[in-house]
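Quick mapping for you: the protein sequence lines, in order, are chains A and B. Here the working numbering = 1-based position in the first sequence + 72. Here the working numbering = 1-based position in the second sequence + 226.
Covered stretches of chain B, as calculated for chain A (at least 3 residues, CB under 8 Å):
| no. | stretch |
| --- | --- |
| 1 | 268-274 |
| 2 | 327-334 |
Non-contacting residues of chain A with respect to chain B, defined by C-beta distances greater than 10 Å in every case (computed):
| no. | residue |
| --- | --- |
| 3 | Thr77 |
| 4 | Pro79 |
| 5 | Glu86 |
| 6 | Asn95 |
| 7 | Asn126 |
| 8 | Asp154 |
| 9 | Trp186 |
Hints are computed from structural coordinates only; laboratory data are not their basis. For every residue, glycine included, the Cβ atom is placed at its ideal position computed from N, Cα and C.
Residue strings, one per chain:
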Amino acid sequence: DAKTTQPNSMESNEEEPVHLPCNHSTISGTDYIHWYRQLPSQGPEYVIHGLTSNVNNRMASLAIAEDRKSSTLILHRATLRDAAVYYCILRDQADRGSTLGRLYFGRGTQLTVWP
Amino acid sequence: NAGVTQTPKFQVLKTGQSMTLQCAQDMNHEYMSWYRQDPGMGLRLIHYSVGAGITDQGEVPNGYNVSRSTTEDFPLRLLSAAPSQTSVYFCASSFVGVNSPLHFGNGTRLTVT
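With the hints as extra help, turn the sequences into a complete structure.
See below:
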């Protein structure tokens with residue numbers, strides 16, 4: 073019951089920028105957009121999150137559309153270590169009841185980085 | 227800090243056997259959850275908890291039980307294992323706040339024969 077849609081796979085060359093898209097057309101006003109990535113044989117790890125404004129950290133940048141119905145994770149210079157499955161999820165903090173904990177990851181985008 | 231610790235790392239069960247997958251975190255996180263990951267299926271939510279004594283079902287709860295008697299621990303119980311439960315299981319935890327990222331364990335690979 074994932075609320076986000078991502079392409080199944082994307083490819084990039086090393087040291088080139090990568091733009092990973094995510095559609096979340098049913099996003100609510102209190103949903104935060106979170107991105108995680110999963111390296112082979114490991115658990116997912118947090119990358120970045122945001123609400124309305126674009127966000128930057130040491131790993132990536134997050135660009136959020138003005139209507140918030142889509143977002144893009146930007147890896148400025150892909151490395152071989154960035155090859156992973158990237159997940160975009162929505163986290164609603166408005167309701168401390170039943171919807172609070174239901175975080176759906178879906179299948180994510182498999183990113184392949186070529187040397 | 228150890229973070230999120232899952233045990234065992236690997237387990238093989240026969241159909242009908244029971245077992246408990248352990249998950250412990252030392253970060254005082256209120257929220258804990260269990261996911262299963264099958265090839266090509268991504269992560270699917272099994273059960274989650276927003277605090278001690280509070281649990282709820284996710285997408286695929288059938289065949290699994292959970293309880294949350296302490297903040298630190300969130301065990302996942304398989305009462306009668308089935309081959310369809312062969313999967314990799316991940317536990318995750320976080321504070322209950324929008325700025326709190328999920329922390330994942332390294333997973334338990336379960337095979338049911």
